[in-house]
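Chemist: Chains as they are written, first to last, in this note's numbering: chain B, 1 to 415; chain L, 1 to 415.
Heads up, a few of these hints could be off.
Identical chains share a label here; the pair holds if one copy fits it or two copies do between them.
Capping the alpha-carbon separation at 35 Å, the derived lysine-lysine pairs in DSBU-like fashion look like this [to be verified]:
(1) K26 <-> K305
(2) K28 <-> K408
(3) K300 <-> K69
(4) K408 <-> K223
(5) K300 <-> K102
(6) K300 <-> K2
(7) K223 <-> K300
Please keep in mind that the hints were generated in silico from the structure rather than gathered at the bench.
Protein chains: 2
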Amino acid sequence: MKISSISGGVTAPAGFQAACCAAGIKYKGRVDMAMLCSAEPCAVAGVFTSNVVKAAPVVWDRNIVQNVKRAQAVVVNAGIANAATGPAGMATCEQTAAHAAKALGIPAQYVLLGSTGVIGPVLPMDRIAAGIDAMAGALSDTAEAGTAASRAIMTTDTVNKECAVRFELPAANGAGTVTVTLGGMSKGSGMIHPNMCTMLAYLTTDCAIDQALMQRAVEDVVKDTFNMISVDGDTSTNDTLLVLANGRAGNAPICEEGEGYAQFREALFTVCRTLAIKMAGDGEGATRLMEMRVYNMDTKENARKLARSVIASSLVKAMVFGRDANCGRILCAMGYAGVDFDPAVIELYLLGREQTLCFYRDGCVQAFDEDAALAILSEKEVRFGCDMRMGDQEATAWGCDLTYDYVKINGDYRS
Amino acid sequence: MKISSISGGVTAPAGFQAACCAAGIKYKGRVDMAMLCSAEPCAVAGVFTSNVVKAAPVVWDRNIVQNVKRAQAVVVNAGIANAATGPAGMATCEQTAAHAAKALGIPAQYVLLGSTGVIGPVLPMDRIAAGIDAMAGALSDTAEAGTAASRAIMTTDTVNKECAVRFELPAANGAGTVTVTLGGMSKGSGMIHPNMCTMLAYLTTDCAIDQALMQRAVEDVVKDTFNMISVDGDTSTNDTLLVLANGRAGNAPICEEGEGYAQFREALFTVCRTLAIKMAGDGEGATRLMEMRVYNMDTKENARKLARSVIASSLVKAMVFGRDANCGRILCAMGYAGVDFDPAVIELYLLGREQTLCFYRDGCVQAFDEDAALAILSEKEVRFGCDMRMGDQEATAWGCDLTYDYVKINGDYRS
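The shape of chain B in the complex, shown without the other chains (with noise of 0.2 Å):
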């Protein structure tokens, strides 16, 4: 099984078109909205917050996931959450979508829409129908308007989020296989403790698949990619991740689990692990990416929930940026994961570029040596391990550390 990654994003893959524009929603001389279209109505599928409240276009998509089942285009503004607005936030849906639908020729109903920013506002429909309007008229399949597109989906992120990935797939048509191409964009920098799904990520793809098997693709690579993410533990009102696959690339559809199933969501996996790290590492005011892998568990599951506790601990999150071998911290925060262990038989170690310290052994924290503690955890990335020592089964969870700037960023984002 061969997954390629290439260059490029959301318009790597073939009949996908992308375009940007400055609305003025909320953000001054700055892109804000973005759009995708496909030249066909494509298979959708998608995972979306767990949280009580629901933002408007999650209400709006999840519609379309769960009883239209496919796509044809994506329209997305940063500044404004459309979240905690009641009836007025789903009339601007029903209006966004509209305007969409027939400045490109396609039912309203395939009318994805995302947004990303502050809870509570209205949309300016007007504005919002001008930035429409002229991406409508600018979509372009390059790599350049993949690449623009992810920037316009930022909030506070310090980088745009895209990447794509290449693999064959057998030929409708039987002569040999043909190259299938999956790429996406994320945007996600604070309010990030994804549960079921992430901030923002469109992911699209030339594959041919059905439309219920992606879906049982998305929901099982989320586990393991968005939702062992965590910047601040705060799971936000609008996480949406969505697929939209065109079969463009003239595969053989893939209609039940076998090879072809697995090679998608392999590459599915890959693009969505590659956009959450890329989400944790820029997590708001972070300096660092911080990972914690646990192996040897007894389930998966309890796996994940000592990963994801680890790196969600604040106090570890602020000796990262100390750069302070603290490490009890790392074990207390195991402790309280809600999984059960015996203390006196894991192990956790630093895990370095290029040696491993273990820090904690029979019970204890071990003596090490501080420099190369220092030297572990002052690289770009920092890693952590810990054998469980109860079973086969692991689990990687990804994070940042804790910094003056995210308080400064949290506290004064509105205005």
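We have chain B; now place chain L onto it with these hints.
Modeler: Coordinates of chain L only, in the frame set by chain B:
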């Protein structure tokens, strides 16, 4: 039922003495050990951390509470947590208790222990022993001795925490009533997200009460006091709440749930609530106390979950620090509390000392007077309220703002 607040702490009840000393365990030139001693054996009740990783003194104390059920003294040190210390940690517990028992002329199994500080290091037994000897000769029942003990157990706390109350109970000899006193002290500034209990809290009373009944009262009262505060979401390995009752007041012993028990429970609630709020307001780096009241909820437990979720949210905490009325974050934090509710019917309020602002109603963030909101958010104690409109149950949780200083303190705590 009349509970009067009085000055003092652990030495306010009859028959309790306290002492402290600078044992040089970690901090230089400050008191870092405390001792409490009762003139006679006490009934003892307690609750401890739910963290799977339990510090050695937690294991030691839990055995006394569950099996011995009586105690006469408490020895506490700050600077080193005696957690993740394995068999060596338990050995220091045995040695500490034995040494204190000899110095005080009581059984070793009547000596409770407490430690707070860095996880990992083993306690220096020679300094602990010398500290015990010094304190055993300096025990005093003055208010000053109690206050000094409450200072000795501080780590990153900026103020000591103590309080005491008085109430009347029928006399044991049938002649009218006697005055019963309940006092306490606590410490806790970081790693504060108690679950079953809080960091370290020691309460003393001269009430005569059945041990099992007192244990019931403690387990009941923590749910709405220590378990309703959070500084950073991290449940410590050392959380301990102990209550010692020596019966010196001469009341008719409380042996069943009746009016006397209700009085005692109310006094216990008052002391625990006061200490818990002091801890929340003195969270690491905190500049302001934050309070979240959830009312008209279907069940008490759901009300607690909602209130806790809001005060534990990093985004809400940063918002309070920044005095920014980004109130959608409160709604968002309620949404991921794991409790079902209808966002369209609840109402959210900013509860100022002099005015109340509704900022969310009918599913929408409301327009509000920004100057008035800023004034409320600038108060020393910031209060939020939510009318769930689902029933008649309520709960309140307390936390603090997230500041630059939290990051500073925890980026470099060990050194």
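Chemist: Which of the listed hints are broken here?
Modeler: Violated: hint 5 alone.
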